[in-house]
Amino acid sequence: MIGEVLSASFIGGLVGLDVSAWGQIMVSRPIVSAPLIGFLLGDLKTGLIVGVLLELMWMNVISVGAAIPPDATIVAVACASVIALTEKSIASDNNFQGSYRMVVLALTMPLGEIFRSVDVKQRKLNAHFVHYLDRELSKGNFGAIEKVNYFSLFLFFAKGFLFSLIAIGLGVYFLPKLFSCLPNSILLGLDLAYRLLPALGLAIAFNTFMVFPYEGKVKV
Amino acid sequence: MKLDQMDNRIIKSFDLYRLFWRAFSLQAVWNFERMQNLGFLYILAPVLNKIYPEREKRVESYRRHLEFFNTHPYFADVVIGIVARLEEEMAMGKGVKPEQITAVKMSMGGAFGGIGDSLFWATWRPFTALVACVLVIIYLKKWEGAWLVPPIFLFLYNFLHFHTRVKGLLEGYKKKTKVVRLFKKMEYSRTISSSRLVGLGLVLLALIVLFLREWKGMQSVYFLAFFLAAVFLNRWRFSSIRLLYLLIVISSVRAYMV
Chain Y
0 MIGEVLSASF IGGLVGLDVS AWGQIMVSRP IVSAPLIGFL LGDLKTGLIV GVLLELMWMN
60 VISVGAAIPP DATIVAVACA SVIALTEKSI ASDNNFQGSY RMVVLALTMP LGEIFRSVDV
120 KQRKLNAHFV HYLDRELSKG NFGAIEKVNY FSLFLFFAKG FLFSLIAIGL GVYFLPKLFS
180 CLPNSILLGL DLAYRLLPAL GLAIAFNTFM VFPYEGKVKV
Chain S
0 MKLDQMDNRI IKSFDLYRLF WRAFSLQAVW NFERMQNLGF LYILAPVLNK IYPEREKRVE
60 SYRRHLEFFN THPYFADVVI GIVARLEEEM AMGKGVKPEQ ITAVKMSMGG AFGGIGDSLF
120 WATWRPFTAL VACVLVIIYL KKWEGAWLVP PIFLFLYNFL HFHTRVKGLL EGYKKKTKVV
180 RLFKKMEYSR TISSSRLVGL GLVLLALIVL FLREWKGMQS VYFLAFFLAA VFLNRWRFSS
240 IRLLYLLIVI SSVRAYMV
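If you read the sequences in order, they're chains Y and S.
Take 0 as the starting number for the first sequence in numbering that gives the first Met the number 0 and just add one per residue.
Take 0 as the starting number for the second sequence in numbering that gives the first Met the number 0 and just add one per residue.
Honestly, the hints are just simulated from the structure, not real lab data.
Any given hint could be a false lead.
Claimed, not checked - List of simulated lysine-lysine pairs, BS3-like, C-alpha gap at most 27 Å:
id: 1; chain 1: S; residue 1: Lys49; chain 2: Y; residue 2: Lys146
id: 2; chain 1: Y; residue 1: Lys123; chain 2: Y; residue 2: Lys158
id: 3; chain 1: Y; residue 1: Lys138; chain 2: S; residue 2: Lys49
id: 4; chain 1: S; residue 1: Lys56; chain 2: Y; residue 2: Lys138
Could you put the whole structure together from the sequences, leaning on the hints where they help?
Structure (structure tokens):
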């Protein structure tokens with residue numbers, strides 16, 4: 000189990016780089032990262048379902064100019080890992096599979112906002128690199144720019160890795176316990192909510208593409 | 000004009016490959032003070048080292064690119080191409096001034112930043128992701144090829160992405176600021192409006208497929224009612240996470256009462 004949690008976090012750190020630090024080839028989107036995690040942990044189809052639901056729900060969250068939006072990748076990685084690692088142990092009764100997914104989803108969604116606040120702190124601290132480089136240039140150390148770049152990339156990776164590790168670890172440990180405490184009526188409600196979830200995702204997607212006449216241009 | 004036919008160049012094709020490769024880490028040291036400045040300098044560093052062998056001029060050029068810079072990461076390649084060419088011409092004494100380079104960086108960065116945000120972030124990414132999602136929704140139950148969906152998305156999306164990068168870098172280097180005309184001709188606004196229309200159709204298709212397949216009897220009313228409620232609540236700045244919690248509360252209350 001520990002090995003699986005570690006490798007899922009490692010993948011989480013890697014695809015986390017793609018959000019903004021390196022590339023933007025979109026392996027960080029939930030539709031790719033969740034199935035990737037699912038494939039790694041031996042449950043591709045669950046990963047794909049989680050990926051589609053999250054992708055639809057985060058569709059209209061975009062970064063414009065210098066704004067940092069909440070992070071969809073960490074949610075996808077944590078949610079897909081926790082579900083893939085613990086679902087089999089909990090869903091002896093297959094009826095409540097959807098309820099369990101709903102619990103995991105509801106508790107991993109806020110991670111995006113928490114991750115964002117850490118991200119903003121890091122980007123504020125990154126300004127120190129500018130002044131460091133300014134000093135190094137006066138000494139004629141031209142290689143400093145490469146060092147700064149690789150070091151900062153490493154920091155971005157480490158942040159994603161540690162954050163995923165904590166989130167997945169806590170989730171794998173506590174969520175099955177929490178789930179077994181829930182009363183039957185809540186479970187039924189969660190099951191209905193899970194079946195209604197695609198409607199929520201499609202509503203967000205609808206709003207992403209629909210331009211209402213009075214708005215004129217895209218609202219972001 | 001082919002690259003090889005341009006005379007008297009210090010920057011060779013190999014250097015352009017390096018620029019292209021390094022351009023991926025444009026935002027590696029993104030900071031709130033000057034945004035993409037360090038990434039831009041990192042990308043340009045090998046070229047600057049090559050065209051300014053003497054220390055004084057090299058420090059000066061490094062400092063020049065330590066200034067504020069921000070644009071859309073894909074369109075940064077255009078600006079990189081233009082700036083590489085201008086730096087090269089300045090080093091060869093063709094009458095380019097340092098202020099000119101800074102001005103080009105600022106104006107191009109701002110203009111392409113706007114195009115990039117509305118083309119890639121607001122349209123192309125949601126559109127290609129939606130295509131992938133709708134494929135899953137329609138075929139998942141009976142489809143063995145589900146693993147193909149992420150590669151299909153990546154291929155569709157990155158087709159336009161890499162096209163923009165490669166074309167931007169090459170044409171920016173060759174044509175300098177005249178490259179703006181080329182990007183004007185590419186009619187991005189048409190791509191945007193048609194993607195929106197097709198996207199809307201796909202959403203409705205997925206909605207109908209789900210509705211007919213998964214819902215029967217009285218309960219199907221919930222599905223449509225919740226969809227409509229979510230559309231309008233989301234318009235009033237109700238984010239998806241709040242809608243998710245609202246959904247859980249409503250469903251639990253209903254289950255409790257029945």
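We went through each hint and held it up to the structure:
no. : hint                  : verdict
1   : S:Lys49 <-> Y:Lys146  : holds, 19 Å
2   : Y:Lys123 <-> Y:Lys158 : holds, 15 Å
3   : Y:Lys138 <-> S:Lys49  : holds, 19 Å
4   : S:Lys56 <-> Y:Lys138  : holds, 14 Å
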